[in-house]
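> Order-wise, the sequence lines are chains A and B.
Start counting the first sequence at 593; every next residue gets the next number (the numbering used here).
Start counting the second sequence at 610; every next residue gets the next number (the numbering used here).
Hints are computed from structural coordinates only; laboratory data are not their basis.
Because the structure is a prediction, the values reported are computed rather than measured.
Glycine is no exception: its CB is placed at the ideal position from the N, C-alpha and C atoms.
The reader is advised that the hints may include incorrect statements.
Stated by the list, open to error - Sample of chain B residues with no beta-carbon within 10 angstroms of chain A, all distances over it, derived:
#1 M611
#2 R645
#3 P660
#4 H788
Said to hold, decoys possible - Straight-line C-alpha distance at most 25 angstroms; calculated SDA-like pairs for lysine to any residue:
#5 A:K1037 x B:C733
#6 A:K1025 x B:T721
#7 A:K992 x B:T721
#8 A:K1037 x B:A640
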Amino acid sequence: MRRVYDFHGGIHPAENKHQSVRSGIRSAGVPAQLILPLSQHIGAAARPVVTVGDYVLKGQVIAEAAGHVSATLHAPSSGRISGIEDRPIPHPSGLPAPCIVIDCDQQDLWTPHQGVADYRDCDASELLELISSAGIAGMGGAGFPTAVKLMGKPGRSVKTLIINGTECEPYITADDILMRERAADILEGVAILQHILQPEETLLGLEDNKPEAIAALREAAASASHVEIVTFPTKYPSGGEKQLIEILTGKQVPAGGLPGDIGIVCQNVGTAVAVRDAVIYGRPLISRITTVTGDAVATPQNFEVLLGTPMQHLLDLAGLQPERCERLVMGGPMMGFTVTNPQAPIVKTTNCILAPTTAELPPPPPAQPCIRCGLCAEACPASLLPQQLFWFAQGKEFEKLEQHNLFDCIECGACSWVCPSHIPLVQYYRASKADILQQRRDHAKSEQARERFEARQTRLAQEDEEREAKRAARKAAAEKRTQLATQEGGEDPIQAAIDRAKAKKAAQQAGTGTEPAAAASALDTLRQKLEKAEQRLAQSHASGEDAKIVAALEASAERLRGKLTEAESAASEAGAS
Amino acid sequence: MMAWVTDYPLLAALLALVGLGAPFGALLGFAAVRFRAEGNPIADEINAILPQTQCGQCGFPGCRPYAEAIAGGEAINKCPPGGEATIQALADLLDVEAPPLDAEHGEEKVKTVAYIREDECIGCTKCIQACPVDAILGAAKQMHTVIASECTGCDLCVEPCPVDCIDMLPLEESLQTWHWQLPAPRSNNLEIIATDSATAERAA
C-alpha cells in the first residue's frame, strides 16, 4: 500500500453525490440546435473556418486554433451553420460571446475519420499533433489545452503522471460514473499519455467515497499493471491539482509555479478518455459527460451530451420542475457560478449543471463583521491567511495582498464555507485578483504610451533640428559665395547675373532690331528645329506610326514653319532699315 | 613629535582635524563626480506612476514635465486621468498627505477611446498632429482612423477637428475586460438581532 499524505486545511461539506448515480450514463441525443462558443478554453478564441449556410458533418473542423494556447472546434453533429453570432454563454458575467450555431439535421453523419493503427509506433510529437487537432482541452475545470500541457517545457522530464479522478466537489459525479462504466477506456487513454510523456510512475488518485469506481478501476488495472490506483480519505478540495499532488507525492508546487516545475503532469480522467478517442478512433472532442442534479430535477443523472447542447435541453430530459428551481449553477455548489440564461450551451468544461431548490442552496445570509476567529486560516488548503487577505482586499491594498500570496488562492470556497460571519470571502479575492491584473495591464499600457510619446518627442525634435541644419547650411553657402566673389575681385556672381539680365531686357525694350547678330542666331535655331521636326515626320511616315502622332507632328512642323517665315521677314525688315 | 603635540595641543588638534577633513572631502568630491546620477531619479519615479495619457490637463505639456514639476514642489492632485489612485501612489512615494483631486483640472472620468466617424473625416491631418502618442493613422485628404489599442483617451484630438467627427467613446465591457466586483459594502444598520436596530436608532 502506497503512503498517502495530507494537505493543510480542507472541509467536509455534505456530498450529495448519491442522487445522480442511481442510473448509468444516458445519451442526451441530438438537440435541434447546437451553440458552440469560439472560446471554451483558456487562451485565444478559435477562428471560424466555416460561413453561414455551410453544411457540416459531425466531427468536421468549424474553427481552428488561433495561436499556441488555443483549441480547435469541431461540429458535434451534422447540419447547417445558421449563424456565427453573439449568444449567451456559461460565464459568470452573463455577457454574450461569439458562437457558431448549427441547425442539426438529425442525421448525425460522421465526417470520414480514422485513428492511428498502433499508437506505440508513433512518436510523441505525432500524438501531440493528433491531440491538438482533436481540440482537447482539460475537462476537469479550467480547460487548458491538453496538448500544450503535455508538451511542457522543453528539456524537462516528467517523473510522475497523475490522473485526477478525485472529483471532490459535492453533487458532481461525471468522473465517478465515467470511472465506473469506462474504466478500461480510461486506462487505455492513460497508456497513450504514458507513451507520450514516458513518466517514471503513473498514479490514478481518487477519494474513498467512490467504492464502485475503485473496484471497476482495480479490475481493469489487474490485466495492465502500468497504473497504480491510489485511494485516500475524502476531503474537499482534494481534487485541486496542487492538493492532489501533495496528497499523492508529499511535494508542494512552488508558489506561482506549475506542476511541471517539480516533474509532475496532472490530467483528468475525462481528458484521458478524450485522448484515447482521438488517437485510437480519430474522434475529436465533441461530447462530454455532464451531471444534471439538484432537488429541482425529477431524475438527477449523468448525460453523455454533445458540446453546444443548450442547458435547457438537458434540464428537460432530467425533468426540471421550473417552479422549484431557484437558480441554475454551472459546476458545483462550491466553485460553480450562476448561469442567468438556460439557453447557454454545454462547453468542454461543463462537468455539472445544478438546479437546486431554495431550501437546498439558500441565498447567503447577510455578512457580519469578521471576528478574527481564524477558522478560515484553518480551512485554507493553500495555507494562506484568508482573514488577512480580506482586510487588505477591503482596503484595496494590492501590494500587501500580493505579499500575502493572494495569487496562490485556488478560489475553492472553503474559507467562505466555514466563515461564521458568512462573509463572501472568495468574491473579495476574485475581485482583488482581477483588480491587480487590471492594474498590471494598465501599467503596461501606460509604459507603452510613454515610449510612444517619447519617440514622438525625439522625432519632432529631430525634424526641427534637420530643418534648422538645412537653413544654416543654406546661409553658410550664401555667405561663402559672396566671400569668394569678393576675393576674386569681381562682384557677386548672382548679382552679376541679375545685372546682365537687366541690361538685356533694357536692350530689348530699346528696339528688337538693334542686335542683328542675336536675331540671326535665333533664326538659325528655328531652322534647325524645323529640320529636326521634318526628319521626325518623315521617320514616322516611314514606320507607319499612329495617325494621331503623325497629325500632331505635322501640326508642330507647320507651326515652326510659320514662326520661321515670321522671323525671316522680321530679319529682312531689320536688314532693310 | 609627542612633545610638540603636548606643547601645542590646539594646533595639533586643528592639524588632526584638517588632516582628516581634507582626504574625506576629496573622496566625497570624487564620488560626486564619479557616481553622478543621470537626470532626476525622483522625477523618473513620479513619471512611472503618472498614467501617461499625455493629455495636458494638469497644465503641463505631458506627463514627464508634470513629473519634473512635482519633483520641484508642484501639487500632486492635478491629474484627472490618474484619479485618486495616482494621488495616493504619489503621496506614498513622496511621503506627503494625499489631497483630493483638484477640480480645476477636471474630474476623474471613465476611460474612453477616440473614434473617428470615417464618413465625415475630410483628411485634414489636424488630429494626427495633435495626438501625443501617434495613435492616429492617415494622410492628407485620406480618411484617418484611430489605433484603439494605442489611444490613451486624452481628448487632445477632439478640439482641432474642423468637422467635429471625433467621438470619445467609453470602453465597452467585454468578456476580456469583465471581472468580479467587490461585494457591496456592509450596510451599517443590518437587523441581525433585535437590539441592533435599537442601537442604530439611538446612534441616529
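> Please go over all the hints and tell whether each is borne out by the structure.
Hint check results:
| no. | hint | result |
| --- | --- | --- |
| 1 | M611 | 60 angstroms, holds |
| 2 | R645 | 22 angstroms, holds |
| 3 | P660 | 5 angstroms, violated |
| 4 | H788 | 3 angstroms, violated |
| 5 | A:K1037 x B:C733 | 28 angstroms, violated |
| 6 | A:K1025 x B:T721 | 23 angstroms, holds |
| 7 | A:K992 x B:T721 | 30 angstroms, violated |
| 8 | A:K1037 x B:A640 | 38 angstroms, violated |
Hint check: violations occur at hints 3, 4, 5, 7 and 8; the rest are consistent with the structure.
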